[in-house]
Amino acid sequence: MSAPVPISLVVNGETHDLVVPPRKLLSDVLREDLHLTGTHVGCEHGVCGACTILIDGQPSRACLTYAVQMEGHELTTIEAVAEGDRLSPLQQALHEEHGLQCGFCTAGIVMTFEAYLRDNPQPGEAEIRDVLSGNLCRCTGYQNIVTAILKAADLMREGQGA
Amino acid sequence: MKPAPFTYHRPGSLNEALELMARYGPEAKPLGGGQSLGPMLNMRLARPAHLVDLNDMLEMDYIREVGDRIEIGGLTRHHRLATAPEVSRDLPLLAEAARTIGHYAIRQRGTLGGSLAHADPAAQLPLVAVTLGAEVVLRSTRGERDVPASDFLQSIMTVDLADDEIVTALRFPRQAEGEASAFELFSRRHGDFAIVSVALTLRQDAAGAVSSLRLGLGGVGPVPLRLRELEAEAVGSQIDEAAAARLGRSAAALITPEDHPEVPAAYRRELVETLVARALLRAAEQEGAAA
Numbered sequence: 000m001s002a003p004v005p006i007s008l009v010v011n012g013e014t015h016d017l018v019v020p021p022r023k024l025l026s027d028v029l030r031e032d033l034h035l036t037g038t039h040v041g042c043e044h045g046v047c048g049a050c051t052i053l054i055d056g057q058p059s060r061a062c063l064t065y066a067v068q069m070e071g072h073e074l075t076t077i078e079a080v081a082e083g084d085r086l087s088p089l090q091q092a093l094h095e096e097h098g099l100q101c102g103f104c105t106a107g108i109v110m111t112f113e114a115y116l117r118d119n120p121q122p123g124e125a126e127i128r129d130v131l132s133g134n135l136c137r138c139t140g141y142q143n144i145v146t147a148i149l150k151a152a153d154l155m156r157e158g159q160g161a
Numbered sequence: 000m001k002p003a004p005f006t007y008h009r010p011g012s013l014n015e016a017l018e019l020m021a022r023y024g025p026e027a028k029p030l031g032g033g034q035s036l037g038p039m040l041n042m043r044l045a046r047p048a049h050l051v052d053l054n055d056m057l058e059m060d061y062i063r064e065v066g067d068r069i070e071i072g073g074l075t076r077h078h079r080l081a082t083a084p085e086v087s088r089d090l091p092l093l094a095e096a097a098r099t100i101g102h103y104a105i106r107q108r109g110t111l112g113g114s115l116a117h118a119d120p121a122a123q124l125p126l127v128a129v130t131l132g133a134e135v136v137l138r139s140t141r142g143e144r145d146v147p148a149s150d151f152l153q154s155i156m157t158v159d160l161a162d163d164e165i166v167t168a169l170r171f172p173r174q175a176e177g178e179a180s181a182f183e184l185f186s187r188r189h190g191d192f193a194i195v196s197v198a199l200t201l202r203q204d205a206a207g208a209v210s211s212l213r214l215g216l217g218g219v220g221p222v223p224l225r226l227r228e229l230e231a232e233a234v235g236s237q238i239d240e241a242a243a244a245r246l247g248r249s250a251a252a253l254i255t256p257e258d259h260p261e262v263p264a265a266y267r268r269e270l271v272e273t274l275v276a277r278a279l280l281r282a283a284e285q286e287g288a289a290a
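Protein chains in written order, with numbering that gives the first Met the number 0: chain A, 0 to 161; chain B, 0 to 290.
Certain hints may be false.
[Stated by the list, open to error] One side only, chain B facing chain A, incomplete, derived with CB under 8 angstroms:
| no. | residue |
| --- | --- |
| 1 | THR6 |
| 2 | GLY33 |
| 3 | GLY37 |
| 4 | MET42 |
| 5 | LEU44 |
| 6 | HIS102 |
| 7 | ALA104 |
| 8 | HIS189 |
| 9 | GLY190 |
Since the hints were derived computationally from the structure, they do not count as laboratory data. Keep in mind it's a predicted model, so treat the numbers as computed, not measured. Glycine residues also receive a C-beta, built at the ideal position from the N, C-alpha and C atoms.
Looking at chain B on its own, in the form it has when it is part of the complex:
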């Protein structure tokens, strides 16, 4: 459980980090909080020849408004996402999801950019990014490009990231005033990887009928899944227990989860059914959800 030898680089600026990534390319890995890469190095599932430590790039640890978007730097730690008042106000779904990541000590180190680049199919932040329609900002010495999170995440731990690129930020569309949201997950032990997770935002009209719903599922495929058919089906519904249960069943019917001896497909469908219904009811009860 010790990593293979590597050369350690501690650049003092983002430009210096990008130069190092350009020079060492496929041989190098950028190191954020190390809460996913660290275990992979210790278990020798990853053996990069060069580690480029991003932890001095304080210019990548920020939360700022850019027009109608909230831009969050790639080095921003989960604990800050979970506790910063501006995240709770403008992106409550993100704040709620961040509070469920791993454990307290893990959240002190783990980073937003790292979680997206790692792309674990059970992870919270890729699911929130897809559900809210965030863009991933990538930088290299060749320039900057922005990729929708849903395109960035290609498969299990596989992303649209060139060998010399770093995830420098995410841009989230701000949640609308009065837009409710809920994040639900199930894991066998508190803080473990989720078997299924649900992220949603909900708006209701004055009569209490759904006017818009965004709903994403994690753990049901190689990447987070937006259920657009279900989002359309929900519009016009009054979210009571019966409607939530019906939409939960519809969600479960829309997915084709992997059948695994420890987690049979039928079990995962039942989790989806339960968690979707639970998240819908919780969001519908939030104050201000009716706008």
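Pulled out of the complex, with its shape left as it was, chain A reads as follows:
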């Protein structure tokens, strides 16, 4: 039925039991039902990348997914990236390199590149720009975001070696 259904969602390692209509977008359930408002909602048709989260560790558009589909999957949102006040190397690099201004797109960019840098620890600038094309930013002109991601990749490789 299109009536609300009970589901169990695992978000950032915590299990939540909810009742949601099947048509409710995952982005809306995260924000409205779980109050995880770090995931931003821009275009709601998969173009802008602001709502990007991780589904089983892979970056995905929360606005093109229904919460009801996500039973049995592990979701990770921006709220899980920093450890308390300690920013992740990527977040720290974005801060230091002035890789954000209004911040609306930033959560989506962080989630995309936390996963990308995990799988591709030594990307070149061209690869970073290819991946970054999936996240629209109206403030920065992207240059400082690219610089920050290159710096984060260095920091993360050093962290691995240490």
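The hints should help you fit chain B onto chain A, whose structure is shown.
Just chain B now, kept in the frame of chain A:
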């Protein structure tokens, strides 16, 4: 930008999914990665009463050799097509094209079967399927049938798919050893829908003359177009800059693109001319293209 209400089904097996499609027929849509259907639902361009989620059908996420063909399951994601070593080895054209689809996050979810069933005239995978002569495998509770991709794709977002059928796989003829290939596209912004795209495979003889060419164009009509006249014209040519430019001009003369205020027909022809020449030169330079 919220979808209309629907009933959600999450079958645990392909047979269960086919039963649901048989029961709800025209009221139901199978849901793959949702990277095309999702936007259509959000914008209410599609309002199915039932969604049949295929994402648990892991038996439809595979790449395997079947005789001289490579069979790829309908639920196989673009990212896997773009990165799997066996695709790069046996179907390099498919791997190269898959790397250009949308964006990184989109490629994690989007599926091969979904792209074929959606049949966007600007999409990469229908163009590759037509260029390589792939077959589309369709299943329903009534049985299985195989349709050549060129027959399956009928018009813009219109395919030979009955209300109760699901695209379960594609079968691609393996590219020959030493057969070069190239995929080129042009879009205004990186990752946008392509205005024109070109897919080709090329073989050259020991003297460097073209012995066979397969060339498909996307974005120049309602479905991907194989340019068989051009393929015949190219045989025997040495692909240098002059020959590539000549064949590019021939390709542009063979098409009748739509004249659109944002994309005039003349502009699309110029894109075809440039991209065909560029793809030919790139393929001709690939190691092993001369067999």
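Hints, verified against the model:
no.	hint	verdict
1	THR6	holds (5 angstroms)
2	GLY33	holds (5 angstroms)
3	GLY37	holds (3 angstroms)
4	MET42	holds (6 angstroms)
5	LEU44	violated (10 angstroms)
6	HIS102	holds (3 angstroms)
7	ALA104	holds (4 angstroms)
8	HIS189	holds (4 angstroms)
9	GLY190	holds (4 angstroms)
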